[in-house]
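Chain U: place on chain X using the hints.
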Amino acid sequence: MSARTEPKIIQYFLIFIALAFFGLFIVLPLVCVFHNALAKGWGIYFKTLQDRDAIAAMKMTVVTALIAVPLNLIFGVVASWAIAKFDFKGKNFLLTLIDLPLSVSPVIAGLIFILLFGAQGLLGPWLIAHNIRIIFAMPAVILVTIFVTFPIVARELIPIMKSQGNEEEEAAMTLGASGWKTFWLVSVPNIRWGILYGIILCNARAMGEFGAVSVVSGHIRGLTNTLPLHVEILYNEYQSTAAFAAASILALLAIFTLIAKSIVEVAVRRGI
Amino acid sequence: MHEPFVKKSILPGFSLSLGFTIFYLSLIVLIPLSMLFLKTSSLSFKGFIDVIMDPRTLAAYRLSFGTAFVSAGINAVFGFIVAWVLVRYTFPGKRIVDALVDFPLALPTAVAGIALTELYTPTGWVGQYLNVWGIKGAFSPFGITIALTFIGLPFVVRTIQPVLEDLDPQIEEAAASLGANRWQTLTTVILPIIFPALLAGVTLALARAIGEYGSVIFIAGNMPMKTEIAPLLIMTKLEQYDYAGATAIAIGMLLISFLLLAMANFFQWKTSKNLGKA
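Protein chains in written order, with our numbering: chain X, 1059 to 1330; chain U, 14 to 291.
You may find that some hints are simply not true.
[As the list claims (entries may be wrong)] Derived list of chain U stretches under chain X, where covered just means 3 residues or more per stretch with a C-beta under 8 Å from a C-beta of chain X:
no., stretch
1, 56 to 65
2, 170 to 179
[Claimed, not checked] Some chain U residues flagged as far from chain X (calculated, every beta-carbon gap over 10 Å):
no., residue
3, Ile41
4, Phe82
5, Phe91
6, Asn144
7, Met236
8, Lys239
9, Leu274
10, Ala275
[To be verified] List time: in silico BS3-like cross-link candidates among lysine-lysine, alpha-carbon distance up to 30 Å:
no., chain 1, residue 1, chain 2, residue 2
11, X, Lys1319, X, Lys1220
12, U, Lys283, X, Lys1149
13, X, Lys1149, X, Lys1220
14, U, Lys107, X, Lys1149
15, U, Lys149, X, Lys1147
Since the hints were made in silico from the structure, they are not lab data.
By construction, the Cβ of each residue, glycine as well, lies at the ideal position given by its N, Cα and C atoms.
The following block holds chain X by itself, in its conformation from the complex (with noise of 0.2 Å):
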């Protein structure tokens, strides 16, 4: 037995208290969606998923992530041009303010928009006035789902582009490129791992919001219904095996996403 080992009763006595711990808080929950969904046979659960609200939801929370990832992703690049590769004063306090969205209840994130463009809001009225529609529609929806997926692309980036230094950018830039060819030639494809991590990881902030999206949305079923959203309503009308097997894809979308991140984190590893 080495300086670094504990006895081999006592390792296996921790890996029980962690494996039994994890079990009972991470697998459990998971085999539980997918019992539940399937609790009445795969026709009842690919029938509940063919459900026209249950399509218009699905649909909803795609064209969501579609237009709050792709923003996100720009601003992330952007920033972390600006923050990495420059020393400038308040670089910190800007890197705090990036962060805010994460520190904030997805609650309190809803409640500010609402503020921002409900009736009683500050814009509510000139809204109002000129008949458009953002809270209780789709574009709150969108909105919050930006706001709390807004740092996710950044917080990525930063650290990468920065452990990576200027030097390529400026010998290619003394070699003659100009800006532009640097940053798409040399800049973004030491990026390329880091961009897709982020993308993976803001996709499923993005489709799994609930609490902000809940506040914003009025929860209008084929309207401004998100996945979640849908899980909700169908889980509070007792419809259980339809709530689970809406809830079922988002599981599968998590699973996903772990193996994504999973096969991303391999890659960088090797070095590809």
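Then chain U, alone, in the frame of chain X:
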């Protein structure tokens, strides 16, 4: 001589990229968030205090912060064990367990909420055994703590893990050669080194748990004064179009959270200072 705002670099695009960053940040985050303070300033101080000190609000705060603390404590212990086992030992399926640690972050909170509720109802897979012991699983503060523990686990494991991996083997060998047993090495050598990371992870879990909504509302039962969390109370006020009340409760929550974060930062600063002295 004034220091320049930005250090000279031959790379282009600084003003453009920083300008866009600040513009987008203001549009999406800063302007909406400033609404909280704008709305509060329209509230009189007495009005603010009345909402905050209302027995129902106080009960919600107590519940939210209390359950968040207990779950963070549970995660401090078990998260440490999980991280330790993942870093130090080998066992079949270790890579899968490692990947699944992030599952609570990847799983939409509503799904976690209904799955945990189903497990902990009196007839559920876990709830029926709790029932035998007279413990109410779902629809009680116990259930809320379970949901918050689920949500917080990855924060604790993922902040301790890298520190454990980087731990210099020589430190433990030195402790052993000086006659310390494993337990002494753990409590007097390893724990003090990873304590700042543990505290950081617990603080992250705590911050997340205080604001958590989706995974909690299904399992909570949502009885006013008993199992109503603060974020739900904000939601209820909004549904009654009481924007000012909702904002006051939100500001109260944020103030307490920032106080906690400041305290955690202070402890972290203090422990790192003590370590530097040693």
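The hints, checked one at a time:
| no. | hint | in the structure |
| --- | --- | --- |
| 1 | 56 to 65 | violated (count 0) |
| 2 | 170 to 179 | violated (count 0) |
| 3 | Ile41 | 6 Å, violated |
| 4 | Phe82 | 16 Å, holds |
| 5 | Phe91 | 5 Å, violated |
| 6 | Asn144 | 16 Å, holds |
| 7 | Met236 | 16 Å, holds |
| 8 | Lys239 | 19 Å, holds |
| 9 | Leu274 | 8 Å, violated |
| 10 | Ala275 | 13 Å, holds |
| 11 | X:Lys1319 x X:Lys1220 | 21 Å, holds |
| 12 | U:Lys283 x X:Lys1149 | 25 Å, holds |
| 13 | X:Lys1149 x X:Lys1220 | 13 Å, holds |
| 14 | U:Lys107 x X:Lys1149 | 39 Å, violated |
| 15 | U:Lys149 x X:Lys1147 | 54 Å, violated |
Taken one by one, the earlier hints fail for this structure at numbers 1, 2, 3, 5, 9, 14 and 15, listed in ascending order.
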